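The residues making up each chain are set out below.
2 protein chains.
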Amino acid sequence: MKHLEEQTIQKEKLFSGKVIDLYIEDVKLPNGKTSKREIVKHPGAVAVLALTDENNIILVKQYRKPLERTIVEIPAGKLEKGEKPEYTALRELEEETGYTAQNLKKITAFYTSPGFADELIHLYLAEGLTPLEEKRDLDEDEFVEVMEVPLQEAQKLVESQEIYDAKTAYAILYLQMQKALEAKS
Amino acid sequence: MKHLEEQTIQKEKLFSGKVIDLYIEDVKLPNGKTSKREIVKHPGAVAVLALTDENNIILVKQYRKPLERTIVEIPAGKLEKGEKPEYTALRELEEETGYTAQNLKKITAFYTSPGFADELIHLYLAEGLTPLEEKRDLDEDEFVEVMEVPLQEAQKLVESQEIYDAKTAYAILYLQMQKALEAKS
Chain A
1 MKHLEEQTIQ KEKLFSGKVI DLYIEDVKLP NGKTSKREIV KHPGAVAVLA LTDENNIILV
61 KQYRKPLERT IVEIPAGKLE KGEKPEYTAL RELEEETGYT AQNLKKITAF YTSPGFADEL
121 IHLYLAEGLT PLEEKRDLDE DEFVEVMEVP LQEAQKLVES QEIYDAKTAY AILYLQMQKA
181 LEAKS
Chain B
1 MKHLEEQTIQ KEKLFSGKVI DLYIEDVKLP NGKTSKREIV KHPGAVAVLA LTDENNIILV
61 KQYRKPLERT IVEIPAGKLE KGEKPEYTAL RELEEETGYT AQNLKKITAF YTSPGFADEL
121 IHLYLAEGLT PLEEKRDLDE DEFVEVMEVP LQEAQKLVES QEIYDAKTAY AILYLQMQKA
181 LEAKS
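Respectively, the protein sequence lines represent chains A and B.
Going by my numbering, the residue at position 3 of the first sequence is 3; the numbering climbs one at a time, nothing skipped.
Going by my numbering, the residue at position 55 of the second sequence is 55; the numbering climbs one at a time, nothing skipped.
Warning: the hint list may mix true and false statements.
Here are some, though not all, of the chain A residues that point toward chain B, as calculated from beta-carbon distances under 8 Å [as the list claims (entries may be wrong)]:
(1) GLU25
(2) ARG37
(3) GLY44
(4) GLN62
(5) GLN155
Keep in mind the hints are simulated off the structure, nothing from the lab.
Just so it is clear, the structure is predicted and the values come from calculations on it, not from any experiment.
Using N, Cα and C, we set each Cβ at its ideal position, and we do this for glycine too.
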């Protein structure tokens, strides 16, 4: 698929932050013309679909400054340097929910905003949940409220747009699909 | 959920681009301490799950500079100023695929990266597809290759990670779910 590629002519770093970096790249388009691309670099993240033995999903309420609102998401967090995604997944689950998991299984991975950012989210299914004896601290700028809801209830939160987040909507749909397949077999 | 809110103390615009703007905000956290938030502002976008009468999905291959690779996605594009999402959806479908649609139905909407960006994607289902007599131009910096694949084939593209994009993975799962429900009833 070489014929669709864009070649970098010049690259400028405009910002280097705690979470993201911003670059402007001058690129040569497939037709030989040039254009500019605005590119956000992100370290990548994990998200965890945590299922209790009673088939409840663990969700977290969190204020998201970019949206200026509180939304409901599955536990998630960005990769620390050199950290393996499955380690991050377990750490974020433990920090945000107070649970640890016996079984952690990779479901999939996806880019969230390929038009302007390179963020890749690794999605895990966590089962065999048990409460931690000693709670782990959240990041010092992180405040969340934990909810435990049956799948049907989660579906209602999607309809009422309290769940309004791509990874969470995907995870709920994934779980519904699994249940539908189980019911069929 | 006031107790989770973060108050803006100060806001600085660091970059204003064609696609995104970048802000740094000093915020007051729920515990009274302060922190900085890196925030990408995006106009929002649409994505279109386009289904032919033969139950094929229309996909587009596109080089995504932030990822430095070509990926396969459902047709999508950002909202132009003042444009209604359903209009954008039809326009992007027509520009990127050469098809127009008789029926356009909103499936859902979701934030793609609530941790650092406010991008909201409106997802539509387009059916009753017919080829346009006169093709519409793509944006001048846009180059895509159209593919038409059966649902099962799309599933394989997910497994081979040629489909590796949140909105597209969600759309394919949504369609599988619809088919599973139809098969059940």
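Inset, instruction - Hold the hint about GLN155 (chain A) up to the distance rule: shortest CB distance to chain B must be less than 8 Å. - result: violated (12 Å)
Legend entry - Status of the hint placing GLY44 (chain A) at chain B (closest C-beta pair under 8 Å): Where the cut-off is 8 Å and the nearest Cβ of chain B is about 11 Å from GLY44 (chain A), the hint is violated.
Inset, instruction - Answer holds if the nearest beta-carbon of chain B is closer than 8 Å to that of GLU25 (chain A); otherwise answer violated. - result: holds (6 Å)
Inset, instruction - Hold the hint about ARG37 (chain A) up to the distance rule: shortest CB distance to chain B must be less than 8 Å. - result: holds (4 Å)
Legend entry - Status of the GLN62 (chain A) interface restraint (C-beta, 8 Å, chain B): holds (7 Å)
Violated hints for the displayed structure, listed by number in ascending order: 3 and 5.
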